[in-house]
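Top line first, the protein sequences correspond to chains A and B.
Residue 58 in our numbering sits at position 58 of the first sequence, and the numbers go up by one each step.
To convert, take the position in the second sequence, counting from 1, and add 126; that gives our numbering.
Hints are computed from structural coordinates only; laboratory data are not their basis.
Yeah, the Cβ is synthetic: ideal placement off N, Cα and C, and Gly gets one too.
There could be a bad hint or two in this list.
As the list claims (entries may be wrong) - Partner residues aside, some chain B positions facing chain A, computed with beta carbon under 10 Å:
1. M138
2. Y169
3. D202
4. T243
5. P244
6. A245
7. S252
8. N256
9. T257
10. P261
11. T262
Claimed, not checked - Simulated restraints on C-beta separations:
12. B:H183 / A:A54: 35 to 43 Å
13. B:L179 / A:D53: 47 to 55 Å
14. B:D255 / A:R119: 13 to 21 Å
15. A:F59 / B:A187: 32 to 40 Å
16. A:E115 / B:T131: 38 to 46 Å
17. B:E229 / A:R125: 21 to 29 Å
18. B:Q263 / A:S97: 33 to 41 Å
19. B:E143 / A:L117: 24 to 32 Å
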Amino acid sequence: MRVLQIITSAYRATMEEQDDTVVWLTQAMRGAGGELDLLLTGDSVNYAVAAQDAAGLSFGDWRQTQPPSLPRDIAALIAKKAEVYLLDEDCQELGVSGPDLIPGVLPIARGDLPELLDRYDQVWRW
Amino acid sequence: MAKTTTLTFALMDAPFESARTTTAMRLLDIATRRGYEVNVFAYEGAVMLPFALQKGHLNLAHGNDAEQENHPLPKDWIDALIRQAEAHGGHLRWVNCGLCVDERGAGEAIEGIKTGTPADFWQMASTSDNTLVIPTQ
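One chain only, chain A, in its complex shape (with noise of 0.2 Å):
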C-alpha cells in the first residue's frame, strides 16, 4: 500500500514537540515498513526552506537545547527515497522559490494533483 501524506496545518506545536508531528509519524511508519510520501500544502511549504532556525527559545533558567529543524527532517526523509512535494501555487504566495528550498524537493502545480494523487492507494490529510 503507498500513502501519500498530505500536511496542512504547518508549525503545529513544533517548538514543543522539536517536529512536526505528521512529518514525524510519517518518518516512524517509513521506518516500520510503510510506504509514504509527503505534499506540503498551504503554509507547510516553508519546511522545505533553508534558511530557517528555530534555535534559542528560553523561559527564565530553562533553554531549548534541541529545537526543531523542518529543512533538516524533510531532508532526511529525501534522503531515505521519500518523495517530498510542495505545491506551487503556495510557494509563489508565500514568496518561496527555487534558491530557497533544500534539495530534491519536487514542486506540483495545483492542476497535477489528480494526477499524483490517482498514484497513491490512500491518502491522509492532515
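Starting from the known structure of chain A, fit chain B onto it as the hints suggest.
This is chain B only, laid out in the frame that chain A set:
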C-alpha cells in the same frame, strides 16, 4: 461468508476542544453498530480521550448537580463503543501512541486501551479496507 469490513481511524484532537471528536465518535458508533472491525490510532492530544481520571462536574449555570448534569466524558463514550462493538460481533481496538502518552502523563487509560507506536498504525491501516485521518487543524 462475507468478508468483514475493517476500518482504521487516526484521531488527533484532545478532548473538550473540538466538535471533530464528537463527529469521530459518531462514525465509530455507526461502524461498531454494523459489526465492523474498527481500529483507532490516537495520536497526540487524542491519547487523552480514554484517560481514566476524567471526571464529571456540576454546572451551576444549568442549575444541575454533578449527577443531574451527567457530564459527557470521552472515556465513557469509548468504553461504550468497545462494548457495543463486541455486542455486534466486531471489535474496537484502540491504540494510544505511547510517546504521546508519556508526554502528557496519560498512562491511566480505561480498560481495553493499548499503548503502541506508529508501526501499529501502519499495520492497522495496511490491513484495513480504508483509513480516515481526523487531524487537529
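A quick look at each hint next to the structure:
Checking B:M138 against chain A by beta carbon gives a least distance of about 8 Å; that is within 10 Å, so the hint holds. At about 7 Å, the closest approach between the beta carbon of B:Y169 and any beta carbon in chain A falls short of 10 Å, and the interface hint on this residue holds. Of the supplied interface hints, the one on B:D202 is violated, with its beta-carbon coming no nearer than about 27 Å to a beta-carbon of chain A, more than 10 Å. With a cut of 10 Å, the hint placing B:T243 at the interface with chain A holds, because the nearest CB-to-CB distance is about 7 Å.
A least Cβ separation of about 4 Å between B:P244 and chain A falls short of the 10 Å threshold, and the interface hint therefore holds. Because the beta carbon of B:A245 sits about 3 Å from the nearest beta carbon in chain A, less than 10 Å, this interface hint is met. Annotation: interface hint on B:S252 holds; nearest CB of chain A at approximately 5 Å, less than 10 Å. About 7 Å separates the beta-carbon of B:N256 from the nearest beta-carbon of chain A, less than 10 Å, and the hint is met.
The beta carbon of B:T257 is positioned within 10 Å of a beta carbon in chain A (closest approach about 6 Å), and the interface hint is therefore held. For B:P261, the shortest C-beta to C-beta distance to chain A is roughly 4 Å, which falls under 10 Å, so the interface hint holds. The interface hint given for B:T262 is met, as the beta carbon of that residue sits about 7 Å from the closest beta carbon of chain A, less than 10 Å. Against the hinted window of 35 to 43 Å, the Cβ-Cβ separation of B:H183 and A:A54 comes to about 39 Å, which satisfies the hint.
Separation of B:L179 from A:D53 is about 40 Å and departs from the stated range, judged on CB atoms against 47 to 55 Å. Range check, B:D255 to A:R119: Cβ separation about 20 Å, and the 13 to 21 Å hint holds. Look at A:F59 against B:A187: about 35 Å separates their beta carbons, and that is inside 32 to 40 Å. A beta carbon spacing of about 29 Å between A:E115 and B:T131 contradicts the range 38 to 46 Å that was offered as a hint.
The hint said 21 to 29 Å for the Cβ distance between B:E229 and A:R125, and at roughly 24 Å that hint holds. Evaluation of the 33 to 41 Å hint for B:Q263 and A:S97 yields a failure: the beta carbon distance comes to about 27 Å. At about 30 Å, the beta-carbon gap between B:E143 and A:L117 stays in the expected band of 24 to 32 Å.
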